[in-house]
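Novice: Sequence:
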Amino acid sequence: MELGLDGDTVVVTASSAGLGRASAAALADEGANVVVCGRDPERLAATESELSDLDGDVLGVETDITSKRDVEALVEAAVEEFGGVDHVVTSAGGVPPGGFADLTEQEWYGAFDMLVMSAVWTVRAARPHLEASDAGTITCITSTSVREVIDDLILSNAVRRGVIGLVKSLSRELAPGVRVNAVLPGAHETSRIEELVEAAVERGDHETYEEGLDSWSDGIPLGRVGDPRELGDVVAFLASDRASFVTGACVPVDGGRLRSA
55 MELGLDGDTV VVTASSAGLG RASAAALADE GANVVVCGRD PERLAATESE
105 LSDLDGDVLG VETDITSKRD VEALVEAAVE EFGGVDHVVT SAGGVPPGGF
155 ADLTEQEWYG AFDMLVMSAV WTVRAARPHL EASDAGTITC ITSTSVREVI
205 DDLILSNAVR RGVIGLVKSL SRELAPGVRV NAVLPGAHET SRIEELVEAA
255 VERGDHETYE EGLDSWSDGI PLGRVGDPRE LGDVVAFLAS DRASFVTGAC
305 VPVDGGRLRS A
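If you're matching positions, the sequence shown starts at 55 in the working numbering and goes up one per residue.
Among these hints, one or two may not hold up.
[As the list claims (entries may be wrong)] Label pairs and their computed distance ranges (CB to CB):
1) 302 to 100: 21 to 27 Å
2) 58 to 106: 19 to 25 Å
3) 100 to 272: 28 to 34 Å
4) 259 to 109: 20 to 26 Å
5) 264 to 93: 30 to 36 Å
[What the hints assert, rightly or not] Straight-line Cα separation of at most 20 Å, SDA-like style, residue types lysine to any residue; simulated pairs:
6) 222 to 189
7) 122 to 163
8) 122 to 171
9) 122 to 100
10) 122 to 199
11) 122 to 216
12) 222 to 164
13) 222 to 263
14) 122 to 164
15) 122 to 189
16) 222 to 199
17) 122 to 83
18) 222 to 243
19) 222 to 178
20) 222 to 94
21) 222 to 171
22) 122 to 152
Since the hints were made in silico from the structure, they are not lab data. Here the structure is a predicted model, which means the values were calculated and not measured. Note that CB positions come from ideal geometry on N, CA and C, so glycine has one too.
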């Protein structure tokens, strides 16, 4: 399927690893110019180098997405390098696990900046360029926790839902010129899950990495965790003309684990 993204410019936040990186790779593979960012300069440089082998041009910008100034500089760098911004994909790192009694007030504020305000700052900075584009889109990568709570992840359960409120509101406020959607990933074999599985093997919870990874597939009808690129391909589709009548949607990419309609 031809997605028509060749030559478009996309800013993808928190994209030096994980699902943000997979989304950047899918978009670059379609010929889009992709601006990736992250806090770790070495990992960012490695991502920029690896993605530069794909069809689109890639620019890496060291960015702390919990800093409004950094996010504004990220968008400015994209405009300076490529002349505008056609699409924004917001991603963010994980927030601390724990139940209500385990977390400090500062951790609540930090989670809000990481998950919600990073998206707000990115959209604010990019909005004039998205509205000037003939193909403006925003896609927010969140989590299935916005639909069904996950035990011991109260920050994700509570705070990520603010992103969904933002998506639904912007899908109406920015229409018809800019489409706004969200994807709700379940378990994917990201570096984070790899670390957790390896730690479980070291503790003796599992004999092999494969056995540990398989334990993450419990409750997933497709019987496995996702490949991050499978999520990235959905993100690329939502940014494309092929999804031109899709806005305000919250699309699970979880192998069918969610039971809610």
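Novice: Run every hint past the structure and note whether it holds.
Specialist: The hints, checked one at a time:
no.	hint	result
1	302 to 100: 21 to 27 Å	violated (36 Å)
2	58 to 106: 19 to 25 Å	holds (22 Å)
3	100 to 272: 28 to 34 Å	holds (32 Å)
4	259 to 109: 20 to 26 Å	violated (42 Å)
5	264 to 93: 30 to 36 Å	holds (31 Å)
6	222 to 189	holds (19 Å)
7	122 to 163	holds (15 Å)
8	122 to 171	holds (8 Å)
9	122 to 100	violated (25 Å)
10	122 to 199	violated (26 Å)
11	122 to 216	holds (18 Å)
12	222 to 164	violated (23 Å)
13	222 to 263	violated (39 Å)
14	122 to 164	holds (13 Å)
15	122 to 189	violated (25 Å)
16	222 to 199	holds (17 Å)
17	122 to 83	violated (29 Å)
18	222 to 243	violated (28 Å)
19	222 to 178	holds (16 Å)
20	222 to 94	violated (32 Å)
21	222 to 171	holds (16 Å)
22	122 to 152	violated (27 Å)
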